[in-house]
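Participant: Sequence:
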Amino acid sequence: MERIAVYNGTFDPVTNGHLDIIERAAKIFDRLYVTICIHPTKKGLFSLEERKQLLKEATKHLNNVTVDATNLLAVEYLKQKHACVLIRGLRSTTDFDYELSYAQSNQYLDKDIEIMYLMTRPSHSFISSSVVKEIASYHRELSELVPNCVEKALKEKFTL
Numbered sequence: 086m087e088r089i090a091v092y093n094g095t096f097d098p099v100t101n102g103h104l105d106i107i108e109r110a111a112k113i114f115d116r117l118y119v120t121i122c123i124h125p126t127k128k129g130l131f132s133l134e135e136r137k138q139l140l141k142e143a144t145k146h147l148n149n150v151t152v153d154a155t156n157l158l159a160v161e162y163l164k165q166k167h168a169c170v171l172i173r174g175l176r177s178t179t180d181f182d183y184e185l186s187y188a189q190s191n192q193y194l195d196k197d198i199e200i201m202y203l204m205t206r207p208s209h210s211f212i213s214s215s216v217v218k219e220i221a222s223y224h225r226e227l228s229e230l231v232p233n234c235v236e237k238a239l240k241e242k243f244t245l
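If you count the sequence shown from 1, you need to add 85 to reach this note's numbering.
Check before you lean on any hint, since a few could be wrong.
Calculated lysine-lysine pairs in the DSS-like style (CA-CA distance at most 25 Å, straight line) [unchecked claim]:
#1 K218 <-> K166
#2 K137 <-> K240
#3 K145 <-> K237
#4 K112 <-> K166
#5 K127 <-> K112
#6 K128 <-> K218
#7 K141 <-> K166
#8 K218 <-> K127
#9 K127 <-> K240
#10 K137 <-> K166
#11 K141 <-> K112
So the derived label-pair ranges between C-beta atoms look like this [stated by the list, open to error]:
#12 E87 <-> E219: 36 to 44 Å
#13 S213 <-> L133: 14 to 22 Å
#14 E135 <-> E87: 13 to 21 Å
Derived from the structure by calculation, the hints contain no laboratory data. These numbers were taken from a predicted model, which means no experiment stands behind them. Glycine included, each C-beta is placed from N, C-alpha and C at the ideal position.
Kindly generate the complete structure, drawing on both the sequences and the hints.
Facilitator: Below, the structure is given as structure tokens:
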């Protein structure tokens, strides 16, 4: 039986921290869906299509990764994809507080879903999409924070 997992988030934009979690999860599972969560009330810097393209470019070296998007609840999406594990990344104790509530909510909705947390590497512990966008808005160096395709896209966004 194929081991399928989902790593979901807004990925606005994908960072090297996200990519680290994706690459490590891809080694553990036969198929990994990297799924952009669509929130109708949230407006991102990048459109859904732009985020999908950036994720596809950043993960093209991973044959078992599929980039997707959904407006379903995580547990519904996992069932749709026949996945049994939801992957989440942790950077700090602040993340843990949020993630504990997220896990309990999802397990309330479906007791059969497992949630696996991967700790980010220390070198990525401060990286978030929000921090990256702020640094990019000041036209600062991004090469150690995001994949090359994202750095290029951010430079284009902030020079317009």
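Participant: Going through the numbered hints above, which ones does this structure break? Give me the numbers in ascending order.
Facilitator: 1, 5, 14
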